[in-house]
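K.L.:
These are the residues of each chain, in order.
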Amino acid sequence: AQSVTQLDSQVPVFEEAPVELRCNYSSSVSVYLFWYVQYPNQGLQLLLKYLSGSTLVKGINGFEAEFNKSQTSFHLRKPSVHISDTAEYFCAVSEGAGNMLTFGGGTRLMVKP
Amino acid sequence: DAGITQSPRHKVTETGTPVTLRCHQTENHRYMYWYRQDPGHGLRLIHYSYGVKDTDKGEVSDGYSVSRSKTEDFLLTLESATSSQTSVYFCAISESTPGAGPQHFGDGTRLSIL
Numbered sequence: 001a002q003s004v005t006q007l008d009s010q011v012p013v014f015e016e017a018p019v020e021l022r023c024n025y026s027s028s029v030s031v032y033l034f035w036y037v038q039y040p041n042q043g044l045q046l047l048l049k050y051l052s053g054s055t056l057v058k059g060i061n062g063f064e065a066e067f068n069k070s071q072t073s074f075h076l077r078k079p080s081v082h083i084s085d086t087a088e089y090f091c092a093v094s095e096g097a098g099n100m101l102t103f104g105g106g107t108r109l110m111v112k113p
Numbered sequence: 001d002a003g004i005t006q007s008p009r010h011k012v013t014e015t016g017t018p019v020t021l022r023c024h025q026t027e028n029h030r031y032m033y034w035y036r037q038d039p040g041h042g043l044r045l046i047h048y049s050y051g052v053k054d055t056d057k058g059e060v061s062d063g064y065s066v067s068r069s070k071t072e073d074f075l076l077t078l079e080s081a082t083s084s085q086t087s088v089y090f091c092a093i094s095e096s097t098p099g100a101g102p103q104h105f106g107d108g109t110r111l112s113i114l
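So the sequences go chain by chain: A and B. For what it's worth, my numbering labels the leading residue of the first sequence as 1, then goes sequentially. For what it's worth, my numbering labels the leading residue of the second sequence as 1, then goes sequentially.
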């Protein structure tokens, strides 16, 4: 069965610093991988997804993630964060087209001035 | 923004009462989902629908039922609410297969059961 672990529940970082939010998954088959962002009092928005092809995936708002099959990871990165990036970020995995997503517990990114 | 509306946005009710949450979409997407969000658990799938009158259970379906009589509406019902069902509920929609991920989420319904 698929599962997702987000290793950090909170990540504080100063504005304009780089950030990496970590995500590891467990699955015995090929997977699709996702990152979503949730701003306060809102639903989730899709940041980026990996379905196949290049392991480096670029998303909205300057975020990117790299699929590492050997390490079963899909870490999210941004070279320079803004105050407006303060939000909760969710990693998710599915085991194929007909399968539902499993979400991680979330990482709260707190960008400080 | 995608046309997806949840109602009500907030509700407080008592244990044992029935509760119905509504999700309405204007995108004509095939798939609709109900999730609940609890601290530390991310989102967990309650039920989903792959067409009118076609629904199936998710990971945490006990105590919940759903109905979809029209493409645009997906209702979630708690037949007899319990305090463990206090949560934030999100509806989501997608036009592609479930494995490709929900594309749009509603803004959520905050449900408190006393």
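Bear in mind the hints are in silico, worked out from the structure with no lab data behind them. Even glycine gets a Cβ: it sits at the ideal position worked out from N, Cα and C. Do not rely on the hints blindly, as some may be mistaken.
As the list claims (entries may be wrong) - To give an idea of the interface, some chain A residues facing chain B are shown, with a C-beta separation under 10 Å as derived from the structure: (1) 6; (2) 12; (3) 14; (4) 25; (5) 42; (6) 44; (7) 45; (8) 49; (9) 83; (10) 86; (11) 92; (12) 99; (13) 102; (14) 105.
K.L.:
Decide, hint by hint, whether the structure agrees.
P.N.:
Status of the hints after comparison with the structure:
{"no.": "1", "hint": "6", "verdict": "holds (8 Å)"}
{"no.": "2", "hint": "12", "verdict": "violated (18 Å)"}
{"no.": "3", "hint": "14", "verdict": "violated (26 Å)"}
{"no.": "4", "hint": "25", "verdict": "violated (13 Å)"}
{"no.": "5", "hint": "42", "verdict": "holds (6 Å)"}
{"no.": "6", "hint": "44", "verdict": "holds (5 Å)"}
{"no.": "7", "hint": "45", "verdict": "holds (7 Å)"}
{"no.": "8", "hint": "49", "verdict": "holds (6 Å)"}
{"no.": "9", "hint": "83", "verdict": "violated (22 Å)"}
{"no.": "10", "hint": "86", "verdict": "violated (18 Å)"}
{"no.": "11", "hint": "92", "verdict": "holds (7 Å)"}
{"no.": "12", "hint": "99", "verdict": "holds (5 Å)"}
{"no.": "13", "hint": "102", "verdict": "holds (8 Å)"}
{"no.": "14", "hint": "105", "verdict": "holds (5 Å)"}
Violated hints, listed in ascending order, are 2, 3, 4, 9 and 10; each of the other numbered hints is respected by the structure.
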